[in-house]
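Undergrad: Respectively, the protein sequence lines represent chains A and B. All residue numbers for the first sequence refer to the working numbering, where the first residue is 55 and numbers rise by one. All residue numbers for the second sequence refer to the working numbering, where the first residue is 459 and numbers rise by one.
Hint data in this document are derived by calculation from the structure and do not stem from the laboratory. Certain hints may be false.
In silico lysine-lysine, DSBU-like type, Cα no more than 30 Å apart, as pairs [said to hold, decoys possible]: (1) A/LYS224 / A/LYS141; (2) B/LYS568 / B/LYS630; (3) B/LYS695 / B/LYS568; (4) A/LYS432 / A/LYS182; (5) A/LYS94 / B/LYS757; (6) A/LYS336 / B/LYS524; (7) A/LYS147 / B/LYS630; (8) B/LYS754 / A/LYS141; (9) B/LYS851 / B/LYS792; (10) B/LYS760 / A/LYS141; (11) A/LYS141 / B/LYS714; (12) B/LYS537 / A/LYS336; (13) A/LYS94 / B/LYS630; (14) B/LYS757 / B/LYS792; (15) B/LYS537 / B/LYS524; (16) A/LYS459 / A/LYS185; (17) B/LYS851 / B/LYS757; (18) B/LYS760 / B/LYS695; (19) A/LYS94 / B/LYS754; (20) B/LYS568 / B/LYS636.
Cβ pair distances, simulated, as ranges [what the hints assert, rightly or not]: (21) A/TYR95 / B/GLY753: 36 to 44 Å; (22) A/ASN308 / B/ARG611: 50 to 58 Å; (23) A/GLY318 / B/GLN545: 53 to 61 Å; (24) B/LYS695 / A/GLU138: 22 to 30 Å; (25) A/ASN308 / B/THR808: 28 to 36 Å; (26) A/MET232 / B/GLN741: 53 to 61 Å; (27) A/TYR470 / B/GLU708: 27 to 35 Å; (28) A/GLU304 / B/ASP567: 38 to 46 Å.
Backbone N, C-alpha and C fix where the C-beta goes; we use that ideal spot for every residue, glycine too.
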Amino acid sequence: MHCSRRSFLAGLAASLPLGEAVWAADRRPRIAALTTIYHKYSHSQHIVDRFLDGYGWESRHHRPPMDVVSLYVEQVGDNDLSDERAKRHRQLKIYPTIAEALTQGGSKLAVDGVLLIGEHGNYPNNEKGQKLYPRYEYFQQVVDVYRESGRTAPLFNDKHLSWNWDYARKMYDTAKEMDFGFMAGSSLPVTWRQPSVDLPRDAEVEEAVGVWGGGIDGGDIHVLEAMQAIVERRRGGETGVRTVEALRGERFWNALDAGSWEAGGWDSRLLNAALCRSNQLKTARPTYSNVFPTAEDLRRLAPASYAYRFEYIDGLKATIVQFQPDQKTGGVVGDCNVAARLAGGEVFSVLFYLPYYSMRNFFSPQVNHIESLFLTGKSSYPVERTLLTTGMTAAGIESLYQHQKRLETPHLAIRYEPTRESTFWRS
Amino acid sequence: MLTRRTFIGAVGAGAATWGTVRPALGDVTPHRRIAIITTVWTYLSHAQHMGDRFLVGYPRHGQWHKPPLQVVSLYVDQKPEGDLSAQRAAEHGFSIYPTVAEALRCGGDKLAVDGIVTIGEHGNYPRNEKGQILYPRFEFFQQAVKVFEQDQRVVPIFNDKHLSYSWEKAQKMVADSKRLKFPFLAGSSLPVTWRLPPVEVPYGAELQEALMVGVGSSDAMDYHALEAMQCMVERRKGGETGIKSVQMLEGDAVWKAGNDGRWSTRLLEAALSRSDSLQGDSQLDSRPQDLAHNGKLQKLVKDPAAYLIERTDGLRTTLLMLNGATQDFTFAAKLKGGEILSTQFFLPPTPNVTYSACLVAQIEEMILTGRAPYPVERTQIASAMLDRCLDSKMADHRRIETPELDISYQAPRESRFGG
């Protein structure tokens, strides 16, 4: 059955871009969701709810043509919603272990797709500030079931693969070796953009800057994924990252003042362009509602700021600037923006827009891509992007931890080709 | 798909298609002097949002753009607690004058500015029996026209939001601008703000029906929604032809009209599919919901209103004000052949409200080029349909024939939203 389904789906894939992906097999695909916690505004709530209740998509209330039939929730608190969801959706059952969720209480893999959502919940931080979400551990339990069943299913992993590079690499290698569809990452690469544009494929990119409001690890991965989704489209495709250098405290402010990569910072034009795409510049002057911050404003509003500077193997330079407030200040920018300087000096800049209203609809394009993964067995965009950004996140944090030491990153020599078609939300 | 990209491909624009920096119009143009005529200048008022952009610049095409315009004079009708006008005048070196005429003449005896920005929004003004706030936009405009006539010179005028609460006053304002031949731009920021997705009605498309969903109070927010709808439907085949009739419904009559097919549930689903802020269960625990069909809409919206607007060419257009269901402004239209187009008119959050930067860019262009980038008739017809819908409300919600609203015009082909 497995082989015949795959070959059937290969034929089906051609019709998917029309948005009419309909499971034409004898039954609807069955999906298992494995999550750390399920409460309002948790990632599992946003993602799994869209499978259960549908979501607004291209002028319709779209209902995914598949059923989440099993759910594993590791932490159940007072604000848990999983019980309510299971009561309201009769096809959904909650299981006490990952293996049981995947086998629906039987002995063999009984689902056609797996959602692995290890975000939110009460987990310890390590000494570097990384939250030890058990994504790798969940993944290992999934592939154990795959092995015992002699069958695999496509898997989506929310956000970075792991806080730990070695774990991430092993997850990637295992998926390759077992040859199942593997997709991962943040919603930022696929959400709305303002303007609604992508970098032309094969543009020559010299330097890039991404900005947001900070958050070691959990916040870093989002900016890195957004920036990577832009720069991976440069001429030659992705080649991987050679070095990383973290900057914090006076070293950060000196880098900001330096005004260029060569002088130890980043191109100030790129930082300014990124800030000029923002819809959420924090108030730098009383009674003014939208002013461009001065260098003194930046220092005053975000004293805990830090940056990671990356050199890519092909010579590209890229920095994420995290304008982190302290407890008394408001910060600089409330949204994620990226700018890139192209050969010839032109500057490309874009806002990654996250609708932070009742439904957090930036999860809608992500779920739409996950549906495609489950229907076709293929990821809409290369999982190597998230492998690389997982490694960049961990490397940036490591450099911070090692007193901002510049580190060589030979393990991040990750090459891949991006998709030719853009995959962000445009319709 | 009818994306902005398709549009831009069609008109063959240059580097702006993918977000690179382009030289701003103002970078090569000498500074022009402008006067701001406003009701009130307090924090988060329209005058503060828009007026400040002329003083400190605004984000545009990935740059902080400093308009080549110099605010030289201000008239402010009310100075309540929180007034910022004196502080702004001192900091930015312009003068506040006690009358509109003196502001336009900068205290001299002749018109002494190159452009006028009138912002008659916010401040303490009475309402009439129809619920309309009696902002003195018409009166500001008439005083400017009087200066033009006395001084034998005209300059471009921008009027924020509707021309007037009265369709007759709005008509006279447009007539005066044509009689004296000065550029006249007006309206809401919704037509020019970002859209999600960035779609446009294909120019010359045959439309079968259109529906707008809005929220907020009358006559402040329903106006925004009506002008947003107008900037979409004016692109249809034949252009705008005017309004044949209007009817405003409230309460259960709104739902009954939907059940009777007087507005389209299918288009409501399409419009709500673009909302990021559904209420009820979505507010409770963030779940998405099919609010057009799940039976909860009528419970959430205690005081629904429908503005049924029939066009002279037969097109049916409806505004549903659905307070309690959503917090967004969304639009849907059915094209001949059945294709449905829908979008959200995106209002970036307070305090930046960068939608007003999109509008200020249009004002700046008009003052610099002497040409309004889109016809003032868009604002005139939206002002008029709102006024007449409120007449219908006062007349027991009866349908009113509106032969006087024979306002026809051609929309510009070029899109002006986002930026």
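Undergrad: Take the hints in turn and mark each one as holding or not.
TA: The hints, checked one at a time:
1. A/LYS224 / A/LYS141: The hint is violated at about 37 Å.
2. B/LYS568 / B/LYS630: 24 Å, holds
3. B/LYS695 / B/LYS568: 45 Å, violated
4. A/LYS432 / A/LYS182: Violated, at roughly 35 Å.
5. A/LYS94 / B/LYS757: 23 Å, holds
6. A/LYS336 / B/LYS524: 19 Å, holds
7. A/LYS147 / B/LYS630: 67 Å, violated
8. B/LYS754 / A/LYS141: With Cα atoms ~19 Å apart, B/LYS754 and A/LYS141 stay inside 30 Å; holds.
9. B/LYS851 / B/LYS792: Given that 30 Å is the threshold and the Cα spacing comes to 27 Å, the pair holds.
10. B/LYS760 / A/LYS141: 29 Å, holds
11. A/LYS141 / B/LYS714: 33 Å, violated
12. B/LYS537 / A/LYS336: The given pair, whose Cα atoms are some 27 Å apart, holds under the 30 Å limit.
13. A/LYS94 / B/LYS630: It is violated: about 54 Å lies between the C-alpha atoms, which goes past 30 Å.
14. B/LYS757 / B/LYS792: Roughly 27 Å separates the two Cα atoms, so the pair holds.
15. B/LYS537 / B/LYS524: 27 Å, holds
16. A/LYS459 / A/LYS185: 22 Å, holds
17. B/LYS851 / B/LYS757: This hinted pair holds, its Cα atoms lying about 23 Å apart.
18. B/LYS760 / B/LYS695: 37 Å, violated
19. A/LYS94 / B/LYS754: With Cα atoms ~20 Å apart, A/LYS94 and B/LYS754 stay inside 30 Å; holds.
20. B/LYS568 / B/LYS636: The given pair, whose Cα atoms are some 22 Å apart, holds under the 30 Å limit.
21. A/TYR95 / B/GLY753: 36 to 44 Å: 25 Å, violated
22. A/ASN308 / B/ARG611: 50 to 58 Å: 55 Å, holds
23. A/GLY318 / B/GLN545: 53 to 61 Å: Cβ of A/GLY318 to Cβ of B/GLN545: about 40 Å, so the range 53 to 61 Å is violated.
24. B/LYS695 / A/GLU138: 22 to 30 Å: Roughly 49 Å apart at Cβ, these two residues miss the hinted range, so it is violated.
25. A/ASN308 / B/THR808: 28 to 36 Å: Between A/ASN308 and B/THR808, where Cβ atoms are some 35 Å apart, the hint holds.
26. A/MET232 / B/GLN741: 53 to 61 Å: Once the Cβ atoms are compared, 42 Å apart, the range 53 to 61 Å for B/GLN741 and A/MET232 is violated.
27. A/TYR470 / B/GLU708: 27 to 35 Å: The hint (27 to 35 Å, Cβ to Cβ) is violated, given that A/TYR470 and B/GLU708 are roughly 58 Å apart.
28. A/GLU304 / B/ASP567: 38 to 46 Å: 59 Å, violated
When each numbered hint is compared with the structure, violations occur for hints 1, 3, 4, 7, 11, 13, 18, 21, 23, 24, 26, 27 and 28.
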